[in-house]
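2 protein chains.
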Amino acid sequence: MSDRIVECVPNFSEGRNQDVINAISNAGRGIPGARVLGIEPDADYNRTVLTIAGEPKAVSEAAFRVIEAALEHIDMRSHEGEHPRIGAVDVCPFVPLKNVTMDDCVDLSKELAIRVSNELQIPTFLYGAAATSPERNLLSDLRKGQYEGFKERLDNGGPNLPDFGPREWTDIVSKFGAVVIGARNILVAYNVNVDEKDARTAKIAGSLIRSTGRLLKQDDGRRTRIPGMLQMVQGMGLPLEAHGISQVSMNLRDVSVTPMHIAFEAVKSIVNDHGTQTCGSELVGLVPLSAILESGRWYAYDGCEDDEELVNAAIKGLGLDYLGEFDPKQRIIEWALERK
Amino acid sequence: MSDRIVECVPNFSEGRNQDVINAISNAGRGIPGARVLGIEPDADYNRTVLTIAGEPKAVSEAAFRVIEAALEHIDMRSHEGEHPRIGAVDVCPFVPLKNVTMDDCVDLSKELAIRVSNELQIPTFLYGAAATSPERNLLSDLRKGQYEGFKERLDNGGPNLPDFGPREWTDIVSKFGAVVIGARNILVAYNVNVDEKDARTAKIAGSLIRSTGRLLKQDDGRRTRIPGMLQMVQGMGLPLEAHGISQVSMNLRDVSVTPMHIAFEAVKSIVNDHGTQTCGSELVGLVPLSAILESGRWYAYDGCEDDEELVNAAIKGLGLDYLGEFDPKQRIIEWALERK
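Protein chains in written order, with my numbering: chain A, 1 to 340; chain B, 1001 to 1340.
Hints are not guaranteed to be accurate.
What the hints assert, rightly or not - Pairs of lysine-lysine residues, derived as DSS-like cross-links and limited to a Cα-Cα distance of at most 27 Å, are as follows:
1) A/K110 to A/K144
2) B/K1203 to B/K1151
3) A/K57 to A/K98
4) A/K203 to B/K1268
5) B/K1217 to A/K316
6) A/K144 to A/K98
7) A/K197 to B/K1268
8) A/K57 to A/K197
9) B/K1175 to B/K1151
10) B/K1197 to B/K1268
11) B/K1110 to B/K1098
12) B/K1316 to B/K1098
13) A/K329 to A/K98
14) A/K175 to A/K203
15) A/K217 to B/K1175
16) B/K1203 to A/K203
17) A/K329 to A/K316
18) A/K217 to B/K1217
Hints are computed from structural coordinates only; laboratory data are not their basis.
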């Protein structure tokens, strides 16, 4: 395995047709130095989240081929799904994982965006750390109006025109839409299980811990917020009917600011105030080794420095195997990359 | 009333003997341009909090005379009380209120400290925004070891020697100790009433809202923190036995960051989660007009710009008169200064 690891998480707009999902996912395979580590389709969203990781240039090549395959297999003119999207590949972020800086990921984003626009004639936007101005930082802003409103934006000359590629409604653009490419920190999707069916305390905990906290409204429409406890965390409580329990479902947008064990202990502490118990937690997708080691250091004995012991302490302390087996060899990005 | 207003809050080490309290408080009176607006003795602490406000030079003169009177009337060799202190006047902060900058308050602090050391031969420390280095910012650090440990600190040459004045254990130093003078933002002591006797949910709310949050401990002594919801807030829940209710008792260390109505609504929201109700709130001491106007804007009708209406909306919305009359003419610093 290379000493330098970047993660790339293309989200493409097909989550139902398994043949299309396979065709696009497989386009990212077979490049030495890069591996497809996760494929997570969502039928309601009609969208699939692909996790690719490895050596920077190889990962960028894989991302290009995925976008190329999406142009071939997806036609946005007939696409519908619950998740907002602006193109056949909606968003394609690069994430620095090991011996790679955010600046490196910004460079990768720009190179890929230029290549996609030049070789495939697809409009590309840059976002996150790669944004060309602070107002273009947020994906949600660049995506406003979605695929359906994109022709009008191009015709009107804005707002937010693509950074590269065509600014006319060509055949290719009408089939693909546009893609938003960029650089961001790792995002960990992490859910804490709460032993109750109706999500009553899970909802309370979710609205107390998420960074945006609770919204207060006056009758005349004025609003203010009570801030939440955790920084860089999105979250909400919901019932997990299949298991007869509830969850506080979270996105940890920067695990160096709010690590998993702080999120877990915060939820536990709040639901315990109500006499309710937690029952482990759940990681969605893959997680960088550093994130799980940091939580391991809290649950392991003082001074433990062995990676495997720390990982096991994190699994046990966070109860990551409560809902099903948690195989660290498949779920930790660096370890998954090392597998033959 | 002058256009420029500074507040000064000397804390002196007598809270039981009314004659001494009067003598020291009265020393601050009679200076044109400055007024003593509040005298709050605490018998358990054996300490009195004096609130002086007005034109900067006049307030500084009043503070000097209070320190001079404390040197005359208090002997630290026989002082005891629950609150930590390093001298007959423990701390003397200047607070910018109107047309006065923090830099102005830093200048006032330094001038007063030099004058106290030169004319009264009392050791003085500078803290807060007036600190001579970042490590000397916190009162609690400068006060470590208290009066009783101060001789040893001087004998040992540290840590934290006074900025000005004698560094030997003279007769005056043994009688007075030292005084910590500095500049800080306004601090609002604000308590939310909770309708329960045992402070169960008040304690829960206190530990969720205070900036330091909740402390987690491992058996081997390792510690970490779950952060709290509100920034720049100290707080704890406790029973208020005389009234048969409880309180979340807070220091709002920067009302521009966490205003009173956000603190109130946060506590209300958390105790309501537990089926418990709030019953108004309580302001300790005086409050700047701007702080009460900001909360008034949340509780008043949209677009209200009349100061008196906004103040009344804040009193009603926060329930400031639940435990007793709240007279804004005595409790709002600017309005108290305007009274004949």
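So, against the hints stated earlier in the document, which numbers end up violated here? Those not satisfied are hints 2, 6, 8, 14, 15 and 18.
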